[in-house]
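Enquirer: Here is what each chain is made of, one letter per residue.
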Amino acid sequence: MAEQAPGVRIDGLTVVYKTPAGELPAVRDVTLTLEPGTITGIVGESGSGKSTLALSLLNAVQPPGRIAAGSVEIDGLGDVTGFAGEELRKARGRHIGYVFQAAQNSLNPLKTVGKQLLDLGRSHGVEDLRGLVREAKELLGRMGLDGARVLDSHQHELSGGMRQRVGIMLALVLNAHLVVLDEPTTALDMITQANILKIVREVHAERGLTTLVITHDIGVVAEVADRLVVMYGGRLVEQGPTREVLGSPTHPYTKGLIRAIPRLVGDIAEAQALPGRPPTLATVPKEGCVFRERCALRMDVCDTVDPQAVAHGSRVVACHAVTVKEHA
Amino acid sequence: ACSGGTNNKSGASSGGGGGLFTTIDVNRPGLEATAPANPYNPKGNSFPGYTAMKLGWVKNHLTDPNQALPGIAESWEIAPDNSAITLKLQPNAKWSDGKPVTAEDVKMSIGIAYTQGSTAFSITPGAAGAAADVTVVDEHTLKITQDMANPSPKFARGVLDTFVLPAHVWGSVLPADFWDQLKASRAEGADADKARETITGLGEKVLTFAPPKDTSAGPFVLERVNPSEALLVKNKYFYNAANVAPAQVKFLNYTGNEQIWNYLTAGKLDHAGFTAAPTDVMNRIKAAAGNEVIKGYSPVAVSLAFNQAKKPYDNVHVRRGLAYLINREEVTKVASPEGGTAAVTTTGIHQKAAQAWIPDTLPKLDPYATDAAKAEAEFKEAGLTKKDGKWTLADGSAWKVSMHAPAGFSDWLSAQENIKSQLIKAGVDAEVVTTADYPLYLEELAAGKYDAGFWLMALGPAPYDIYQRLYGASNGWTNVAGKVKHSEPGKAGNWMGGPEKIEVDGAKINPGELTGKLNSATEEEAKPIMAQLAKAANQDLPVIQLWDYVNTQFVNNSRFTGWPHDDEILRMGTGVLPSGVWIQLGMIKAKS
Amino acid sequence: MITGTGIVKTYKQRGNVLAGREVRALRGVDFAIPKGGAASFIGESGCGKTTLGRIIAGLETYDEGEIVIGDVPMSGIKLKKRQPYFRKIQMIHQDPYSALNPTRTIHQTLYAPLSLRAGQTGRSKEWIEERAAEVLSMVGLDPGSVLGRYPHQLSGGMRQRVVIARALTVDPEMLVADEAVSMIDVSLRLGILALLKDLRERLGVSVLFITHDVATARYIGDDGELYVIYRGQVVERGPVDTVIADPVHPYTQSLLSAIPVLHGLEEPGEQPVTPLESLDESKSDEGCLFARRCPFRGERCTGERPLLQLTEGVPQEHACFYPERRNVIARPMSEV
Amino acid sequence: MSATLIPEAAPAASAMRRNFWNGVWRVMKRKPSRMAGVVIIAGFIVMAVVGPLLLPEHLPGNASAITQPPSWDHWFGTDPQGRDVTALVIKGSRYVLLTALVTAIITVVAGTAIGLFSGFKRGRWDTVLMRLTDMKLTIPGLPLLLVLATVWKFGNPIQMGLVLGLLGWGGVARAVRSQTLSLRERGFIEAARGLGLSTTHIIGRELLPSMAPYIAMNMLIAVTGAVYSQVGLFFLGVLPYESDNWGVMLNLAVFQAGAMITPNALGYLLAPLLAILLLTLGIVLVVDAMDEIFNPRLREE
Amino acid sequence: MTLITRRLAGHLARGFVMILVVATISFFIINNIPGDPMAARYEKLVEQGMSPEAAAQSVKVLYGFLPDGTLWQQYTDYMTGLLHLDLGMSVSRPGTPVLDVLTDAAKWTVLPVLAGTLLSFLVGIILGVYAAIKRTGKLGDALAISGSLLHGIPQYVLAMLLVVIFATLIPILPADGTVDILFEPGFNAGYIGSLAEHAVLPVVTYALSAYGGWILAMKSSVVTVLGDDFILAAELRGMKRSIVFRYIARNAILPLFTMLALSLGLLLGGAVFIEKIFNYPGLGWLLISGVQDRDYGLMGGAFLLITVGTIIANIVADLFYTVIDPRVRSGEEGS
Ligand SMILES: Nc1ncnc2c1ncn2[C@@H]1O[C@H](COP(=O)(O)OP(=O)(O)OP(=O)(O)O)[C@@H](O)[C@H]1O
Ligand SMILES: Nc1ncnc2c1ncn2[C@@H]1O[C@H](COP(=O)(O)OP(=O)(O)OP(=O)(O)O)[C@@H](O)[C@H]1O
Ligand SMILES: [Mg+2]
Ligand SMILES: [Mg+2]
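Residue numbers (the numbering used here), protein chains in the order written: chain A, 1 to 328; chain B, 329 to 920; chain C, 921 to 1256; chain D, 1257 to 1557; chain E, 1558 to 1892.
One should not assume that every hint holds.
To be verified - Restricting the straight-line Cα-Cα distance to at most 16 Å, the calculated cross-link-like pairs of lysine to aspartate or glutamate (EDC-like) are: (1) B:718 / D:1313; (2) B:811 / E:1610; (3) B:564 / B:551.
Bear in mind the hints are in silico, worked out from the structure with no lab data behind them.
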């Protein structure tokens, strides 16, 4: 029972999907530590394996996918990759709250939020269902909603932002201290997005959580995360404190990505698109660096050897060019 | 001329052995749970012979239409000139509620029969064989006289073939002044028309009358009906109840012959009336435990009738040619091996009756034995030509014999299919076209839409009935109040379209008028006319007689015995359930 | 090139016999986009951006107002005859996948409009083929490898380029890009924006850019105008950089303040305005439409509706009784 | 800006335009059952077209071998006229398939036209047409046919197909309309309109190909429905018949030959039943592949 | 007005119009039917030995019930009768109002159809869920194919096969009729047992012919729902399997309600074959016998009643849908 924010250690995690072309890795050899009480943000483009990684935290990779190697060690729980059945189910919800990608659709359209809350309570053997409802109302109130009304509503009666808040409420109401938010603001309006991000930050602080935020929008990470993790083609290419990574990216992909962000201020001519296109499961190079085809710093070694994640101070980068430069 | 049989009431004590008797009313597909126990209602739950009693049970004698087995009338006397019949009722007859059956009941029943139109009790002015007067002589005796203006030799048959209904149940249906109205309707003029209209109006009332519960004078009374079965229980007041073997009777419903086959092959039915069945099925029926087929006489024959308004069927040589081509033995074998015997020739009469009516003429008629050469000669005579082995019309256009039959008449269809292949083999193109159902078939036939179709004929035993199928309304002759008129082909239901006068043995005769004469002729008077008509039918061939029906009955010996094998008994008239008559006569015994 | 005045659009939702519902999507919008110019519409979801864009592209009718294309007022032309005018204005849809027929190859997709033009101008088949290759090159695609393919065989960015190429086949004078990059991978987004800008510069095509992401609006061209729309009304209108740097309408300010600051690259401005809490769910049409959510609401706001106007000391048009500069902008780290 | 304008090349392997039939072949190959379906249907078509030509116009009967059980000479035995049942099934297939063809054409043409019109025009026309369609779909078809059969003697396969087609377009119209409505919302239709392409082009080139699988599927469903209804009507014996077809065979087998009672006639009953089952199977298997055949994406995966 | 009553009112209005249209159609079709029931009756009487004149009179009495007057008058009479639930008199069953005959028969159609629908619905959805879950496996494939096949096989083929198997080859079940008359009607084991025994084959045929449709629909519906985010979300929240299953089931069954109406309509239509083959005296059977007896009133009435049944089924299914699906419920209530 972790009453405090738990730490998470992901080690050598590889997740594969079965496709007509065989089993292909969507997440390959990822090693990552979530420090207790921090917000970690994972960015990456579509198909880079973010959701797959997040699901692995709950050992919930959907078939035809499976965790092929590695472990996910969560404080107070152990290695969840070994969990199964009831044990796994109980861990979900109670220990790990998950806010679904497109949380707008994460509610049963036929039941009111309140009924689903009760279902959740019953599933986890909560005796004091009234207490649970009270807690839920409080959380909703905290997020600026009228709890009673929301609990009495069906999904379709709530706006996108409201649904997302309900999703967060359901992730937290059982007192989970590890929360995973998969694209919490995609498809939301700017203003709603800003609101949700504010709530994430505040709730994180108030309840003492360990939070993982997944997004393809660097702005979102920049807004909330303490640490920033960049994924590309199933590989973790760079990680470090958010400000540092944004301020001085080292991996060529991170650099390109940041340069490609349309910005509100500054010289627009500085901004440049990355050439090429992001890989899909089938087009990810089997060996060598996943990014090499779009990389300006490509070297011969990149074609054959997958660069290892190397720590450079607070930063971890997986790039031959960077490693060479550091050591030079 | 003759009187009814004996009353078996003192019969053996073996009756009443109990048990369930299972049968089927082959005349009436589709039991109707909501229908009343009313014998006049076409769906009525009334089973003649079982729950519904008639005065007598008429028989299909070869020549005498007035023979019958006793029913409610224990015996009767018919005046030699057919002018009257005196009925003596069963002295012990009682209704199922215990009330006695009286002459008043019978008189009322006759009144009811008037409203429905019956052969003897008709309000049509001048109708042949109509009764003139009904007199109650005493409680058990009635006398009914015939209107001798247009007498009919089958008057007594018409009287005997009348349902008897309980006056204490049905009395309300007839108004008090009914008999006066009836008298009025006899006259002519506006008042009579009005009276007839009133009586016809009563007819509807009668038809729909629903007695609260069945009150039967027969051996059984209706207990209940559901859409698939009807249950009858023994009427303990029945005059011969002691000899009625079954305690209960179950009538099974059916909608198609295949169901009856099914029941029969399963050995379920103790008795079933005539049902056509294909050979294979028949074999299985016969093979089922206890099943037996008994055969009797059925005064019906089937024929291929021509529409002579259509070419080339207007030419007698074409018709004859076809007659020479069709192998009737084969047709019968394929279509009705059990229920028919191939017609020896075309006489218009069932072959059995023909032996009795025209024994001398019969051998002189052309049997139309299959003979391709003769057929060819006839066709040539008719001006047809044969090209590449195919016969074409005189003008060289194609000729196709198109035969029609209603769907569901399986024996007819089989027969036509067989004729078709026979004809095709002989170079005459042919086809079989079905019509959805019988009503439609009749309508289209009457409208002259078909070249050729199957037609029932030789409906005995009354001579007039036999020939009016060939030389009656369908061939242009209408008989109103004894006066025969001929109408043109295509008019007034004349679809056969034969000529009004036919040359027979060199002399021109008018077959319609001759047929009309049969309506009032005695047996002896009728015989020469019959001979003449038989010759006409044989030479002119308005139809080709194919087979004569055999009254094939199915019985099962596992539960009951005593099935009649006597020809006389088996000549039961239609519209009756013969097993009911056999049971009430005490013939049927339960097997112990 | 195209101007509109007082465009009003009201959707009547039928479907129920007894109760109809009206959605006032546009409430009298004025706009003017010069030849070769650029404009951006921003605003939150449901404010009417797409509706306006579709009206401009001739894909939707309007209830009131006047649109003038070139110098031809549309009111003088029958509904069915307007097509040739509106053909000069092509729409680029948000979702590049649904914008391309999945059962047709790129070649077929481009061929149809080109052959129509070839028919009108009496040009040959070869011209069609040449032109197809040309428009593809214009959007930065290799005709040889793209022509024979089906849309699903292309990436999102390539598809969006094909969509643009298809629009170019009719030599448009204006492109209406409705959230044209929101469904495209982050690393490729800028490519499309740059392409649009490039087309503007090279071909003189005007671009109307519809988005709720203010930052992307800048990339079409800094000489463009920004229209901030709120509930069917333009509440602020002016040169892009002016509006971004000095928004005067509280709604624009809120919108801008909602944009995440890229900590590490830039620093938040000094006086951030609190982002708006929630949507205004009231259907009230009284007074200023924004009044109920406005943190700076004054007395006048509930009584009357402010109209888009220029006031002294403010360079851009706005529809607010109490325009005031509030510093919401983020600054690049380099400047800090 | 040059960086953005470097032509993006697609992976070279599949640069060639794919041939539709190649795709179809691939789809078929993917599941052998589909091949079986195509073979079955092709078999029936060959049977209907060629079969009757090879057989004599009037099948020879044999009065001494009526209603025989299956044997080497007669695989499904003989009918009550002593004719070979297998030959009867083959001859009968023409009627059945011809009716099905006519039905298919009418269903597709009427259904598609009405569905397109309704979905395209929307508004009042749509309401009226859809009410009509609803009504048609609500009125139980078979009883209606039965009632119609009393006035209208669908004499030959063409007429029969006509009636069945006129009764059967409802489903296709519905499907086409809902597809039209949903495709209308898709960008490419709007784009085509914006580009000034003609309505004919939009309907013929853009809409119809996208709807082809639905139309084809609904057509096949309508066709199976038509086959059942016509065979059923003949089976019930409410229609006059002039030529042999499966329904007539069923009717005669049950009501004339007593096939449900005597094993001798079982072949007579089972042969047309098997033919119907086989045809159904073929259609089911082909329908299964329909979506993939028309969808280039699924076709190539 | 609540949504339900509003929808109900709309449905009833539409249903009413539809009934009028169907009645009109059937009236005019029926008035054009060739074939003469009087001639058939006459023939029959003559064949039974009645003299032609007597037969003619008898037929005249019998068909005194046929309506007369101009076509338009007959039509208005028919329609006004209809409004008073009077469908006229049966011709083949003189004196019996068509409605009585029909209501008597209706139970023999409605009950087996409902039983068959329910049975197939239950079995179909359970196996459908199974087929969806095992959709990649051999068994799932087999279930789906069997579903398509059964869905494709015409009812009469199924019915005949069942008769051949269970009544001819292994005669263990009755293949005709409704109940053995020997059992006293009422609530007793014998009677009910007999009823049930006779209903087995028809009900099974209905069920089998509908089952394929359900299994396919349920499968595709479950597959859709399984792909819905909220199911994964529920799992990720650690909901109990049983609860997740309920979520799937309820959401997957919902769209099937629209199908339910259609299926009921189809089965009602198919009653014609099944009742014919099993000699089950329901509406379809009556319709055929009406056609064959040229009983215009009965035919039109049976057709009308079958249509009304379908309309009612539609209305009920839609209302059910409205009650269950909160989206529909509030979607129209909003504002
Ligand atoms: N069920 C699956 N079967 C096969 N491949 C899958 C499946 N789910 C995901 N993938 C593949 O795995 C890779 C990673 O997918 P994932 O959903 O983790 O990406 P993501 O980074 O979350 O993308 P997005 O931003 O689009 O959500 C992708 O290439 C995707 O195509
Ligand atoms: N066809 C339509 N029928 C009815 N209402 C519509 C229709 N199209 C748009 N609306 C309504 O008009 C308003 C404006 O819609 P519009 O699509 O223009 O918004 P938007 O600014 O493009 O929103 P988003 O950013 O979500 O795309 C909305 O309230 C919308 O619900
Ligand atoms: Mg994801
Ligand atoms: Mg929009």
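Enquirer: The structure should be examined with respect to each hint, and the outcome stated for every one.
Expert: Hints and how they fare:
no.	hint	result
1	B:718 / D:1313	holds (14 Å)
2	B:811 / E:1610	holds (13 Å)
3	B:564 / B:551	holds (13 Å)
Comparing the model with each earlier hint shows no violations; every hint is respected.
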